[in-house]
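There are 2 protein chains.
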Amino acid sequence: METTATAIKIEKIKTSKISQVDFDNLAFGSVFTDHMLVCDYKNGAWQTPEIMPYQAISLEPSAKIFHYGQSIFEGMKAYKDDHGDAFLFRPSDNHRRLNISANRMCIPEIPKAYFMDGLKELINLDKDWIPQKDGSSLYIRPFIFASGKGFHASPADEYKFLICLAPSGAYFSGKVKVLIEETYSRSANGGVGFAKTGGNYAGQFFPTQLAVKEGYNQVIWTDDNTHENIEEAGAMNIFIRINDTLITAPTSDRILDGITRKSILEIAQAEGIRTEVRKITVPEVVEAAKNGSLKEMFGAGTAAVVSPIAAFGYRGTDYDLPELTDSYASRFKKIITDIQYNRSEDPFGWRQKV
Amino acid sequence: METTATAIKIEKIKTSKISQVDFDNLAFGSVFTDHMLVCDYKNGAWQTPEIMPYQAISLEPSAKIFHYGQSIFEGMKAYKDDHGDAFLFRPSDNHRRLNISANRMCIPEIPKAYFMDGLKELINLDKDWIPQKDGSSLYIRPFIFASGKGFHASPADEYKFLICLAPSGAYFSGKVKVLIEETYSRSANGGVGFAKTGGNYAGQFFPTQLAVKEGYNQVIWTDDNTHENIEEAGAMNIFIRINDTLITAPTSDRILDGITRKSILEIAQAEGIRTEVRKITVPEVVEAAKNGSLKEMFGAGTAAVVSPIAAFGYRGTDYDLPELTDSYASRFKKIITDIQYNRSEDPFGWRQKV
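Protein chains in written order, with this note's numbering: chain A, 3 to 356; chain B, 3 to 356.
These are calculated hints, taken from the structure and not from any lab test. Hints should not be assumed to be uniformly reliable.
Which copy is meant is left open, because identical chains are indistinguishable; a pair holds if it fits in one copy or across any two.
DSS-like cross-link-like pairs, simulated, lysine-lysine; straight-line CA separation at most 25 Å [said to hold, decoys possible]:
1) Lys-177 - Lys-135
2) Lys-19 - Lys-122
3) Lys-135 - Lys-336
4) Lys-79 - Lys-355
5) Lys-79 - Lys-129
6) Lys-19 - Lys-79
7) Lys-151 - Lys-129
8) Lys-215 - Lys-44
9) Lys-335 - Lys-355
10) Lys-335 - Lys-44
11) Lys-297 - Lys-44
12) Lys-151 - Lys-79
13) Lys-151 - Lys-16
14) Lys-135 - Lys-44
15) Lys-179 - Lys-297
16) Lys-292 - Lys-11
17) Lys-151 - Lys-215
18) Lys-151 - Lys-14
19) Lys-19 - Lys-151
For reference, chain A alone in the conformation it holds in the complex (with noise of 0.2 Å):
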């Protein structure tokens, strides 16, 4: 999978669109830059990749991607520090794990040379729109699904891989609130909980909407057993810190592997923080949330970076997480995203120059 990109075809934008972007209220995900990368699976074979004016695609009503769900995507940031110096975070990490994702959903595996080589040229051609503001950055999103026809509930024969930059604000503003589930559940045993695939996300909106109602941002998923496990958020890995121990549950086929998540583990080693990782049940947090050992929960993942928890909602009661002046989260966040500005050395040999 070293295939090198033969040379990518570009087609610049006659006129850039980025003056009439307001860089100092980013959504989201919700603003697009001049250029996209597209590229092509057909006759057995990925072909040359295009950068061209970002565009609307035309598929046919019976591409597969409508029916039968056969997408996989990631997220990345790019990060401009004071000399506007464009850098990515493990996207070595992102291209792994998109083809372990491609694997679970029959999708065919993208090459490293295509995916590396076109996001360097791409974020290259669009550097200007990397948002320089603080909690700002320039959100990556690599996909690919299924465009080739017929109502045969079976593997596509043509696929498209693109990647689109959305400039962007902050994920979740302020601190999170979440429900611990026990009705609902987000992946399976021998399911496909541990690749990005879009039916894990569309599942858990139904839910997440009955929380919302109640007053709550996000929803953590247990085990579809027994409830009793606590696996992850959804949109992001969660850490649990009792006393001064900090834990995670393992990765699984229902989890997915996330990089913040496994960013904060080195982190923590280095940092001599004790880490376990392990099940942890709804009772055992409870539990410390009552005699008052429950320090922090946060949430980790590259949209969210690293984004505290205030309080869970499990089974009528609240149970509010304490104010900490020198919390792990914040810790973590700094370390973190200090690296990604490259505003630290890089210890880890986690940041990469665009």
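Add chain B to chain A, keeping to what the hints say.
Coordinates of chain B only, in the frame set by chain A:
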């Protein structure tokens, strides 16, 4: 939801493509008729449905269907009798189920009049496309997907409802050999298994391909926790006949409430066939295969109608089903297709003239 469809806008095709179609050699769902129905949801309401020439759809790359899998569909068929009259089979049940899927996937419900009137208008326009060869029919695909924009993982604000028609031959050719799956799973407790949503299908492709490599046509899914209970086959519900008793699993939030499935249960009652709707375990079926009491297994679904199973594989052993001269499967198939093609009375009130 009994809104009357405002007059459907109709734009007819200039020249029909029908003369290009070989009706004697139709695959399943790969040829499409002259027209399609399109109805947009925006500004909080479904707009006027339009019938137009079958054509490509244009979508923004950030349309949520590509990222978050919000999609639902139905499978139906239209049949033609010897007089050239066209019929549908229990179409209201498809409308009802589409809205059940819609609710679970946070998609706005489609009003019944939009569905039924649009369907009938479209079929009347493309009536000449209904094949009359035995075993062939006009496959109907109503579907809704998220066309609204943005990378935020939340329900879209715009949707498209389409109906496309595909003159089709049989879904399976010949008898089917199935593998009882114990590693992978189709759906979780509290998940979306009962909804006809794209992600439920994409997740099956990989395990099904593994089974196909071993010589099977389809997988029979078991529950994700114990892998003991027989659930469904992904594109079909499953019936098992032990001695003269017909057994099928109860519907649940993991299993699709199949229209062919419930038709068979009603026919069985009318025919005096003893039925049991209950959990049925793999060990029970294996034991019945060994002691000779297992008489039949068959799948039931709109696409495949009634699909006899010739053998099932389990833990490395294949168990053959006997060849019966007067099987339940063939009786049900005859009764159902005689009703569908207007070759018999319709004591159940299932047939609807278009």
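Hints, verified against the model:
With identical chains, the CA atoms of Lys-177 and Lys-135 are at most 25 Å apart within one copy only, with a shortest distance of 20 Å there and 63 Å across copies. In the homo-oligomer, the alpha carbons of Lys-19 and Lys-122 lie at most 25 Å apart inside one protomer (20 Å), although the nearest pairing across protomers, at 45 Å, exceeds that limit. Taking CA atoms no more than 25 Å apart as the test, Lys-135 paired with Lys-336 passes inside one copy only; the shortest distance there is 15 Å, against 69 Å between copies. Taking CA atoms no more than 25 Å apart as the test, Lys-79 paired with Lys-355 passes inside one copy only; the shortest distance there is 12 Å, against 56 Å between copies.
For the homomeric pair Lys-79 and Lys-129, the shortest alpha-carbon distance inside one copy (12 Å) is at most 25 Å, but the shortest distance between copies (52 Å) is not. For the homomeric pair Lys-19 and Lys-79, the shortest alpha-carbon distance inside one copy (20 Å) is at most 25 Å, but the shortest distance between copies (47 Å) is not. Taking CA atoms no more than 25 Å apart as the test, Lys-151 paired with Lys-129 passes between copies only; the shortest distance there is 23 Å, against 36 Å inside one copy. For the homomeric pair Lys-215 and Lys-44, the shortest alpha-carbon distance between copies (23 Å) is at most 25 Å, but the shortest distance inside one copy (45 Å) is not.
Within a single copy, Lys-335 and Lys-355 get their C-alpha atoms as close as 20 Å, which meets the 25 Å cut-off; across copies the closest is 64 Å, which misses it. With identical chains, the CA atoms of Lys-335 and Lys-44 are never at most 25 Å apart, being 42 Å at best within one copy and 39 Å at best between copies. Proximity of Lys-297 and Lys-44 under a CA criterion of 25 Å is satisfied in neither setting, with 53 Å inside one chain copy and 45 Å between copies. In this homomeric assembly, Lys-151 and Lys-79 come within 25 Å of each other (Cα to Cα) only across copies, at 19 Å, whereas the closest approach inside a single copy is 32 Å.
When the C-alpha separation of Lys-151 and Lys-16 is checked against a cutoff of 25 Å, the pair qualifies only between copies, where the shortest distance is 24 Å, while the shortest distance within a copy is 33 Å. Proximity of Lys-135 to Lys-44 under the C-alpha cut-off of 25 Å is found in neither arrangement, the shortest distances being 41 Å within a copy and 33 Å between copies. In this assembly of identical chains, Lys-179 and Lys-297 lie within 25 Å of each other by CA distance solely inside one copy; the values are 15 Å within and 55 Å between copies. In this homomeric assembly, Lys-292 and Lys-11 never come within 25 Å of each other (Cα to Cα): the closest approach is 60 Å inside a single copy and 62 Å across copies.
In the homo-oligomer, the alpha carbons of Lys-151 and Lys-215 lie at most 25 Å apart only across protomers (23 Å), although the nearest pairing inside one protomer, at 39 Å, exceeds that limit. Within a single copy, Lys-151 and Lys-14 get their C-alpha atoms only as close as 30 Å, which misses the 25 Å cut-off; across copies the closest is 23 Å, which meets it. Within a single copy, Lys-19 and Lys-151 get their C-alpha atoms only as close as 34 Å, which misses the 25 Å cut-off; across copies the closest is 18 Å, which meets it.
Checked against the numbered hints given earlier, this structure breaks hints 10, 11, 14 and 16; the rest are met.
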